[in-house]
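Trainee: Got chain A sorted already, so can you dock chains B and C onto it with the hints?
As a plain string of letters, each chain reads:
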Amino acid sequence: MAADVQATTLGLDHRKLAMWTFLGSEFLFFGAFVSAYLLYITTTAGGPGVEIFDIPFTSISSFVLLMSSLTMVLAHNSHARGDLRRMRLWILATAGQGAVFLGGQVYEFTTFYNEGLNLTQSPFASSFFVLTGFHGLHVFVGILMLLSLYALSLTGKVKANQDVKTEMIGLYWHFVDIIWVVIFTVVYLIPEIAVG
Amino acid sequence: MSASDTQDAQTDASHGHHPTPREYVNIAIMLAILTALEVSTYFVDFGSIAIPLLVILMVIKFVMVVSFFMHLKFDSKLFGRMLYGGLFLALLLYAATLVILFFERAPVV
Amino acid sequence: MSTATDAKALRPASDKGLLSWLGTTDHKRIGVMYFFTTLVFFTLGGTESGLIRAQLVQAEQNLLTEEIYNQVFTMHGITMVFLVVMPLSAAFFNYLIPLMIGARDVAFPRLNAFSYWVYLFGGIFLYSSFLLGGAPNGSWVGYAPLASDSVSNMGFYAIGIQILGISSLAAAVNFIVTILNMRAPGMTFMRMPVFIWMSLVTNFLLLFAIPVIAVALFMLQFDTLFGAQFFQPGSGGDPILYQHLFWLFGHPEVYIMILPAMGIVSEILPVGAKKPLFGYAAVVFAGAAIGFIGFGVWAHHMFTSAVGPVARSAFALSTMFIAVPTGIKIFNWVFTMWGGKLKFTTPMLFSIGFVSMFTIGGLSGVTHAIVPHNAQQHDTYYVVAHFHYVLFGGALFGLIAGIYFWFPKVTGRMMSEKLGKVHFWTWLLGFNLTFGPMHMSGLLGQPRRTAVLPGELGSTVELYNLLSTAGVVVLTGSALVFLYNLLTSIKRGEDAGLDPWDARTLEWLTSSPPKHHNFDKIPTVTHRDEFWHRKYAEDESGVPIAVPAGASEDHAGEDDADEHIHMPDNSLWPFIMCLAFFPLGYGLLFVNPWLLGLGLVWLVVGYFGWIVEPLAEGDDDDVPDELHDRPMTGAPTH
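Residue numbers (our numbering), protein chains in the order written: chain A, 1 to 196; chain B, 1001 to 1109; chain C, 2001 to 2638.
Possibly wrong hints are sitting among the right ones.
As the list claims (entries may be wrong) - Okay, derived cross-link-like pairs now, DMTMM-like style, lysine to aspartate or glutamate, Cα gap no bigger than 25 Å in a straight line:
1) A/159 with C/2613
2) C/2341 with C/2502
3) C/2421 with C/2494
4) A/157 with C/2613
No wet-lab data here; the hints were simulated from the structure.
Excised from the complex, chain A in its bound form (with noise of 0.2 Å):
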């Protein structure tokens, strides 16, 4: 491995530095959901706002996203040291933690919904749910990927030596996990005290 890297102009792994760039990439992607979200904080056409989000219930799925982030970087460590078999332990540890979190999500749009916010409600409503929706989808992809990163490492595609493919995918779930960070308060608890 670290013969591969010093082949490369500046020693890095191509892989890594791909991700990193992308990654750098995804805040533009995600600011432009949160500026539409910010415009219409209180564009509800009359329907429900800000108020109905149900913080103590956004706060748990919150932290439970905030903790799969130890568990992957544990994952990455157990790799790492080629100890496959705890980090297939931690790999599916973060992706359950996801499931809970995409759980909640899908709860949390049903309440809504039954509660009169809608896609299609009012351009607040459209910015929240797109805007989060985004981000679940970004979860899941994660999650696939830790299933399929667990699946290859029992075939032998992923061997003991190869923790950079873990780090990799670790690098987008922590990602995601720092936009969340950034979602839980400019989303939720901010506008509930400003506006709410």
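Mentor: Relative to the frame of chain A, chains B and C by itself:
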């Protein structure tokens, strides 16, 4: 960027220090405490400092995850430039856009 | 590795026949495929422009219905921007970047193939709209809420451009990593050819601009297909938000289209003048500055929208300011030619055409920056004249110069110089005849995007329109000369030899056409313009003198060549995976969950096929001396 960049990246690419699982858990505990503090603003009235406090907490959590869980603190500076470059570009562009949009919506006095 | 032989059989290895093209991961072949695909789309886009000009040849004419006319001008714009100029630049990126930096392929060869197939299928998807209820007709900017009205057919636009964006984003990541991380030993940043610098800046622009348009298009899709309210004024939505998001992408996009051409011209002029590029560092930094400032001028497209006086003033200033780095470049090109022994070969003629036509377009661009002036010109043919001078007179002239210049590299043969000169002069004449008069008709008040030329504008405007149409006839003839020259020269052109232009950069160090692995031995770079310095030394007074023959060639013999050259295997998975974009695109468009589900499953299956595909040379991390990493491609594209 200049020629010296190449040298620069080469030297700091070597992973020096990797945190132990113990340290990771400590960081996670700190993150949990910060999150609890964030959520408390919903239950307790912090008055006018609530929003600045929330923003500061968000930034601290963000930097902690990026620096430790994503190893940015121990990895090549170039990775950080890619990530924060994108972040600051996004902040700049969207802040300007929102200012323009709000400015236009403001009632004429 | 024992699996190596099994793996060989499992991955397609032939280098002939259709399958070898469908499965290729060779950056040179992918570049060639990009090139020929853009030729096809260029023909389509050109035909559309012919229809537009035929309609406007005289006032009050009704050759096309309004409905058809709107589709034709919209598709002309989309085609030329997204299916011709951008991918033609990508063809140059693909073919030249690895050769110019002394690498054997790009960082992620399969991702590179993926980018091409997504581009091709996205183009086919867009054009299928003609058969499925009509092409988009809301113009290439797709302003909401008009675009979210079903009558405008903009669903195809919103989804089609999204698909093309995936291609660009994947390519941008790929090329950035390639340029940063795969340069030959000794090639520091300030020894990189200017074309490589401009490619790097362009790909950073793509990287940061594509996500913005992705969001705008997603919002448009949700409005169009699912009844979301992002841009619907009825419920308080703000159509200006769409304009902001579109131009946050749209202005960097302008530089995405022009910077590669600037890079090409910066390579050709020094060769044609037999002098190093004047002010290399200034050209490079001006290019980077254009990239940065290019993100800060978007609202000048919206001076007549509701953006307020403060924003108008600020963006007027930043727009005028961006003319400074552009001007620096133009002076550098002029000084490169100044005092040089100019040889007016066809690529050189097109490069000089680029510099002069682009200057005209740049100057009319500065007039847009003046806000009151802008209000007069907005949505008139003056704007049409301006952006054709930068995109046709600029980008396309530069790219054509590149085609003539690197044709001998790709094929080993020369294009006919005689026909090339006929092409250049008729092209220049036809171009100016078409777009020159538009300045005048625009200032006299002729509106853009209007199906019928109103008679009350008067006979002067009518005359200008007649001239424009005559120009298109000249351009058509000229394009046919070019196509004939291109297609016949592939087989029957004069033998080019190794170094037909007395060139300066690394790609001429290897054979023409280059071997599959590009270089037998990766060159070590000691100078900017490395190849030139291997051919010429300088005497005391600085005059270049040729060094003994043979020193210039890639003369690595059997014993000198690098051992264990690992080239990426062919793979059909990028092609197979990309087919999923058809069911995904149509599934979204017709809101059909079955098609959508099929597309998603196909995509995931393709993704797994891709990552579990055996690697002939063993796994990446097992091969210690391998320069080219396998892509893991955990990165999802949206």
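Trainee: Could you tell me which of the hints above the structure violates, numbers in ascending order?
Mentor: Hints that this structure does not satisfy do not exist here, as all of them hold.
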